[in-house]
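Visitor: Given chain A, work out where chains B and C should sit, using these hints.
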Amino acid sequence: MNQMYTPVIGLEIHVELATRSKMFCGCPADHFGKEPNIQTCPVCLGLPGALPVPNKKAIEWTILLGLALNCRINRSSKFDRKHYFYPDLPKGYQISQYDEPIASGGSLKLKIDEERTIGIERVHLEEDTGKLLHNTVNGEKVTLVDFNRSGVALVEIVTEPDIHSATEAKEFAQELQRIIRHLGISDCDMEKGSMRLEANISIAESGKRKEESELPAYKVEVKNLNSFRFLERAINYEIERQTALLKAGRKPRQETRGFVEKLNATRTQRYKETAADYRYFPEPDIPPLEFSNEFIDNIRAKLPQLPQDIAKQLENKYGIRSSYARLVAADKELTDYVLAVIDEAKKARMKTDSLVGLIINQKIDWHKVKPEQLVTEMMKTKAAQVSDDTTLEQWVKQAVADLPKVVADYKAGKKAAIGVLIGKVAALSNGSADASVVKKILEEKLSR
Amino acid sequence: MKDKRNQKLVIDSKLLEHVASLAKITVNEGEVKKYVVQLEEIIEYFRQLDKIDTLNIIPTYQVIDNTTNVLREDVIESSLSQKEALAQAKRTHKGYFLVEGVLNER
Amino acid sequence: MKDKLNAILLEINPKGNIGYKDNFLTRGYETTAGSNVLKGYISHYSATVVDLFEKNGFVTKAKFNCDAWAHGSSGENSDFGAVKNPWNNAYTPGGSSSGSSAAVASNYTKYATGTDTGGSIRLPAAFTNSSAIKPTYGAISRYGIVAMASSTDCPSLIAQNVKDVEVLFKIVSREDKKDANTFSSKRSLRGGQFKPGSLKIGLPKEYFIEGLDREVSEAVRQARQVLTEDGYKIENVSLPHTKYGIAVYYLIMPVEVASNLARYDGVRYGQARSFFGEEAERRIILGTFTSSAGYSAKYYQKAAKVRTLIIQDFDQVFKKVDVLLTPVSPTPPFKLGEKANDPLKMYLSDVLTVNTSLAGLPSLALSCGFTKKNLPIGMQFVGPRWSEPVLFSVGKRYQELTDWHKRKPSI
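Residue numbers (our numbering), protein chains in the order written: chain A, 1 to 448; chain B, 1 to 106; chain C, 1 to 411.
Looking at chain A on its own, in the form it has when it is part of the complex (with noise of 0.2 Å):
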């Protein structure tokens, strides 16, 4: 028989929005690094009688997420209440969305080796817990809570169990923190904790083909990934153990997992045998959200050209080779600065993927000189090594030992195959060979 075991995996991914003040109050939404409980007030402190008011900012910053992300943006939203008790979370409910989610049915390409597309089932918007510390104080075994966090706007992205693999998920993730970045709308750091990650893995059998199977009816929630190299550490160990226990003819427990730095693996955190009760209603306290064509328009209207379109047009239109081209367009700023450079070496007639290839390398610091300056720079460098009139002719000789029919055309007659000859040597010099230069020593080659 030929079973085969299909990794079913989704993901769940909270990021911490960067706008200034928190989801629901005016306090500041920037934690990182502050003294505990500075940034708190009646509101994300849960005291009597506070009231939410929703943040313009984050709501604007989820839409144009979701359009990102190529997302139907639903034209009714409401806030929900999600009822549980834990000590950082202070109403003992948190404000989310539950049914009617700001945005919803998207997708997101990668690319690893083949095109693939994981869906998004959801983008909304809630609020953050606070934080919790594991201490010892006298001798007494304690939590510290910390409630600068509480209130900050949080945005949840879900995806459909699309992925197939620990490398497809650390690309998504990884896909999808460079679209944030770019957006502007999330510092979306790992280690700060503003982007945290959660998977859902299982693994589907079927005795035919990978189409044929259906969904498997557990799953594993594994926590604590706290950086995209546990996430695919994680996946891995449990695509492998599930897979020990289903061809051992058992099956793998619904449960909670947290992944264990120091083990390489995950361990059971909690059963989950029944799904958590939450008791959602619609949040009263808040009118509910509607948004118009025209404001879904302005909006979009906002929304740059993303990393991976750039990338591609990096590629296609100006030859740069693609991981060149995908770490480029990761970052808005570089991207700017390559597309002058690109502008400046066209009109020098350089070649353009060394010169990406020395910025991304470092080897220049791009901060401090300017387009125009490294192209000439770079163009007197070269212009140096080849005023030494050996290294041209050899290159020459090359050129004419590559093209055999071009200088027989030549010498037949058609003169403007010079041209071609030309530029054959401009590549082999990288660009930085005088083509007036080269023209001169081809013609008296030539007319030999």
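Just so you know, these hints were derived from the structure itself, not from any lab. It is possible that part of the hints are untrue.
No farther apart than 30 Å at their CA atoms in a straight line, the calculated lysine-lysine pairs in the BS3-like style are these [said to hold, decoys possible]: (1) C:Lys-186 - A:Lys-56; (2) B:Lys-90 - C:Lys-39; (3) A:Lys-368 - B:Lys-94; (4) A:Lys-380 - A:Lys-332; (5) C:Lys-319 - A:Lys-82; (6) B:Lys-33 - C:Lys-345; (7) A:Lys-192 - A:Lys-332; (8) B:Lys-94 - C:Lys-177.
Every value quoted in this text rests on a predicted model; they were computed, and no experiment measured them.
Guide: Showing chains B and C alone in chain A's frame:
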């Protein structure tokens, strides 16, 4: 457990205990008994809604004249000081609120 | 500081001229909401309503006793003892704004606030010969008031006559950027555009059912007579879904209550949840149950749909008449202890007030007579949303034609 009319009760002790724990309310045996009786009577009273036809009726959760989009500009406003934030807490430690014991995972 | 009636939880300034129900936060002073959970709680900020009154020259005199968390119709659910009715100390002054109504009726203060979520200012006003407005939901800011049921909570005003209530209302009825539900394009749409004589008053037949106390129905009939003689047009109308109001209210309200009380975990302030009283616990458990997975659709969501039908009833009726006139309570004031052990019986005393709360409508409660035992009887004028000016107009006119409101209890 069945009541006088021989109908199965909606709320029994087990369910009540489960609901109480969801709500983080501790109930002793006597309270469970008392609440089960009282709540069963109340829930029985709710039955009268069953016969109302609400098939195409949209539920009402707010009475605000269908107002939408009441939003706040993204500006920073003053916060409480650390002292004020902690002032009413029973236990604090170096600027943090203190919760006793080790917690289960969320 | 205890007073004879147990209405005062905290006297702040004996020279003050306004008192607040103890679920209004007052900066620097204790706010308990009538519960041991918040005993000793000192707030850093005041309710918007309190700030507005202070800005307008009012001075805070005291905080008034109330049913814990505003849960109750008699004041007997307060963790600090029940309040006595100044008209007869063996009777309840009504709840949950029990202390506020007793304080105003006994002339401790001319002005007080309360809240009305299902009848909690109107019932006390009716039981103590006071005048009160439960405003349009959203007219007055809820910021800084301990939340009970978020979708029906209305900060309310109580005084010795309608004129004084109106004075208070004008100061605090405004938008507050800290309470998103105070913003409505319909606000101030209904500024008294009517001719006094042409006002049409409707009497909904479902509010005058069998079981309505004879003395209550007689008092309201007399009020109807007074108004007819003054030129108001009176007609009978119908609100068919009236009888479902209690079921709908006691399905929706506990869900919101359970949610709003989830923040009281004793970590950042207050006592542990074990300090909740019995009524609070009952409502929390009930609300958690009816909104839990597997039951929510059957109970909570069904109730929300019937709520729509109740609102539609009012919409229809207000096409025919401008204002409704109804009794406030199916009975005159009852004795302390009479209903305390029967939660459902206690809930049923709200039957004439909950529907207006579910619909978010304004209601002006005022006295319309006394029983043989010299206990006050009250009635209410109910109008469409934002029709307070109309209610004040007809209320003031009624108090020109009668003098129930001038009577004082012998203290």
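Visitor: Among the hints numbered above, which are violated by the structure, and what are their numbers in rising order?
Guide: The structure breaks hints 3, 5, 8; every other hint is satisfied.
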